[in-house]
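Chains as they are written, first to last, in my numbering: chain L, 1452 to 1700; chain X, 4 to 263.
Source of the hints: derived by calculation from the structure; they are not laboratory data. On a predicted model such as this, the values are computed, not experimentally measured, just so you know. One thing to keep in mind: the hints can contain errors.
To be verified - Below 35 Å or equal to it, Euclidean Cα-Cα: the simulated DSBU-like pairs (lysine-lysine) are: (1) X:56 x L:1602; (2) X:193 x L:1531; (3) X:17 x L:1592; (4) X:17 x L:1511; (5) X:99 x L:1531; (6) L:1591 x X:56; (7) X:27 x L:1567; (8) L:1511 x X:56; (9) L:1511 x L:1588; (10) X:56 x L:1588.
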Amino acid sequence: MENNNKESPVMVDGLRKSFGAQAVLNGITLSVAKGEILSVLGRSGTGKSVLLRLLIGLDKPDAGSIRMNGEEITQLGPEKLNEARRNIGFLFQQAALYDSLSLEANVEFPLLRHLKQAEGNPRERARELLASVGLDKDLKKMPSQISGGMKKRVALARALALNPAVVLFDEPTAGLDPITAAEIGQLIVDLGKQRGMTSIVVTHDMHAAKYFSNRLVLLSAGTIVVDGTFDDLQKSTNEFAKRFLSDSA
Amino acid sequence: MDDTPIAITQPVVKFLEWFGDFGKFCWRVAGAIFNWPFEAEEFLHQLDVIGSKSLPLVALAGGATGVVLSLQTRESLTRFGAKSVLPAVIIFSLIKETGPIITGLVVSGRVGAGIGAELGSMSVTEQIDAMAVSGVNPDKYLAATRILACLVALPLLTLAADAAGILMGWIATTLAEPTSLSLFLNNGLKGVRFSDFLPPTLKTALFGLIIGTVSSFQGMNTRGGTEGVGRSATSSVVLSSLFIILADVVVVRLIIALYP
Chain L
1452 MENNNKESPV MVDGLRKSFG AQAVLNGITL SVAKGEILSV LGRSGTGKSV
1502 LLRLLIGLDK PDAGSIRMNG EEITQLGPEK LNEARRNIGF LFQQAALYDS
1552 LSLEANVEFP LLRHLKQAEG NPRERARELL ASVGLDKDLK KMPSQISGGM
1602 KKRVALARAL ALNPAVVLFD EPTAGLDPIT AAEIGQLIVD LGKQRGMTSI
1652 VVTHDMHAAK YFSNRLVLLS AGTIVVDGTF DDLQKSTNEF AKRFLSDSA
Chain X
4 MDDTPIAITQ PVVKFLEWFG DFGKFCWRVA GAIFNWPFEA EEFLHQLDVI
54 GSKSLPLVAL AGGATGVVLS LQTRESLTRF GAKSVLPAVI IFSLIKETGP
104 IITGLVVSGR VGAGIGAELG SMSVTEQIDA MAVSGVNPDK YLAATRILAC
154 LVALPLLTLA ADAAGILMGW IATTLAEPTS LSLFLNNGLK GVRFSDFLPP
204 TLKTALFGLI IGTVSSFQGM NTRGGTEGVG RSATSSVVLS SLFIILADVV
254 VVRLIIALYP
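Chain X extracted, bound-state conformation (with noise of 0.2 Å):
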């Protein structure tokens, strides 16, 4: 008897049973989120070690980004003689793409990794089942309040990573060729419009979006004790990361669609 047609439909079916089941999750997240009371006393606590325990980490990568965005480009616009451009390059790369990829990519690791394993801890310890027989739904608590927090994070940590990337970018470039901060902005912010800025940050709440249902969902369906906990730190990360960088590719797209 030959196995290939199980070997070959079995990933297929797990792959389609993994999207239907996220879909179900989704969908329940959503109407718990506009079921009152709202849990705001668990949203801002959510805030807080989303947000602002993110901090530092967003804001050091950001800042090197920065630097390396001035060390390698100076070099490249000095050889075609466009290095008064420099600023402007730094600027615009940051705002536009590397700002938010890096605060998406660094969260998602950080953030997803965190509440895959907290929420996975949770389902195989049976505090999630304990939560449910309590009569609290843990779809409102656990879930809603992670996802809305992440949404509403990650813009603001693209704002800090975007200022540590274009602070540390100024400075390496002092440190090559001395220019004042307000000169280095005046040049480099010259030609930013609206739609440079707003769209590309904006679009950081979808990728706090698929981090915080990713991860909540992965963390809720734990199986298999602590090992299992450990694989929905790992598939949390893994996915929210990959699901990133795809809608970067979407949403790009649209963004230049929209904002020619």
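Only chain L is shown next, with the shape it has when bound in the complex (with noise of 0.2 Å):
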């Protein structure tokens, strides 16, 4: 077990976080295996996203540990978490793209901060990640020139860029067609396949999280109530999990 928990790159502990006088997340505590894509479900306001936020150090938890990669990310000072953010990626809801710079240019922007010399060049490493989303005849186009769907591909790549070990998604395929979910869902398998990357996938897509995900949780009142397959979610006795397939369906 403590050997597993060893190889783990991603493990939270007793995770909590409060605004004010609302708590919402309430001693959270999992371990995400590598190569393993976890979805984590619940309804709006659960504490989804800022389990991510918290995971990738932008906010702070009240109280709890949080290591990835091996790394206690609660207690590392800026210059250490920037060090540790080149190993995580991260795809915001919005794609977050930088709306003055090209969609070449956004890819290459945390490569030409990290990539060493003997690694590659970063604009044609750029083109690369663009191709491999299925935009490589677009390098400059700037991002209000595009549609939602190719954002989302973007950031993707973006995300990719320094070639993380885990990678966080928060509502990969929200506002997007079918097809471009299922796209966009593609590209999350595959990545776990061929890049052996770590996901973990804040998602409301019931159908989206079943295809992609090895696991999931499902998060009510800042807890988990459910951690399994989504056999097991289907055959959970909780009034919650019932509740929230059946309106999934």
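Take the two lone chains, each set in its own frame, and fit them into one complex as the hints suggest.
Structure, rendered in structure tokens:
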């Protein structure tokens, strides 16, 4: 068990976070194995996105431990945190592309600052990444000139730029048509298979979660009520899980 | 239950919180400026956006001030029989106070609103968070570059405002009573000392520091969508202008004490 934990790139223990009097996360404990795709489900406002923000150090927890790739994120200073973030990719719900930069420059941005000379040319690497998400013809376009689905794909290319060990996805299929959502879902699955990346996906989309996840957790009132496979969720006797599943059908 | 204590203490607490957060922000940015490597490309880009793109407006404001000074003081000086000192009054007024303060306020309006709105928009669309998760320090890339660009640009823009003011002051004067430019300059600059020119010009670096830090702080702490962006743009201008005026009072007193 201890050996297993040492190999887990994501380990969370007793995580608590409140905003004012409202407790959003109330003692979350979970670990995610290498190459695993974990979906985090739950109603709006149950702290799913907050969990992702805590995992990458954008917010500080009130209590608890977060170990990402072996480093205790909660204890790191700004410089060490920046170093640790090189190994973590993050796909934002609204893509969050830099709107003053072209698509190519968006992907190149982290590479210019972190890619060592021996690791290759940032521009070539950015073009390769954009080609891998099917956008090699739109390198010079600006974010305002492309669709929501294309923005998500560029953001995915940017999140993968530094070849992170863990990728966090915040609602990757939200607001997309079913075909584009399926394409994004397929990209997540391919990433896990080809690169052995560990993925944590926050989503409302039960069908997508069933398709690309190895495992899912269901959050309610700041705690995990189900942790297992889709079958485990279906067999759960928890009232909230039953209702969540029936309403999603 | 009387709500008066809360009604009084809440704004005071908010006011103190703002200063506390602003102080922490300044400390972080100061650390980021000295953290190698320096974002030279972004700094030069901001110098262009803040400096060269403000030049026409600053020159226009300086020029208009020169014309107004000439028109207003001419009549008064004639009344007191001191018309010959008109060039000196225009030049002294421009280089010692009017040029620097006009430049500070004009740039705080144009650049302060721009920085507040741009960083505010980046903040509400999570672009600043995206930068942080890419392992790039937003304080260093976004704030430090803008603050340094303001700091460098303001004294240079002040020179432009002074020059435009003197030139337009001469044109207004010569339209009323033809005078050559060299005579106007000779008369005006005759009593000007180094200490009359350099400290007031360099004090605008402080105005630049104020515009850069206040606007970056307001922008990067924007909350509440597009409404929040509007609030940040407005508060950047209002606070920058207010602090510039207050700083000017202190710095002028300091200059008088150091260069009596």
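Going down the list of hints, with the structure as the test:
1. X:56 x L:1602: 31 Å, holds
2. X:193 x L:1531: Given pair residue 193 (chain X), residue 1531 (chain L) is violated - Cα atoms ~59 Å apart, limit 35 Å.
3. X:17 x L:1592: Status violated; Cα separation ~43 Å.
4. X:17 x L:1511: 22 Å, holds
5. X:99 x L:1531: 47 Å, violated
6. L:1591 x X:56: 25 Å, holds
7. X:27 x L:1567: 32 Å, holds
8. L:1511 x X:56: 40 Å, violated
9. L:1511 x L:1588: Violated, at about 40 Å.
10. X:56 x L:1588: 33 Å, holds
When the structure is compared with the earlier hints, violations turn up for hints 2, 3, 5, 8, 9 and for no others.
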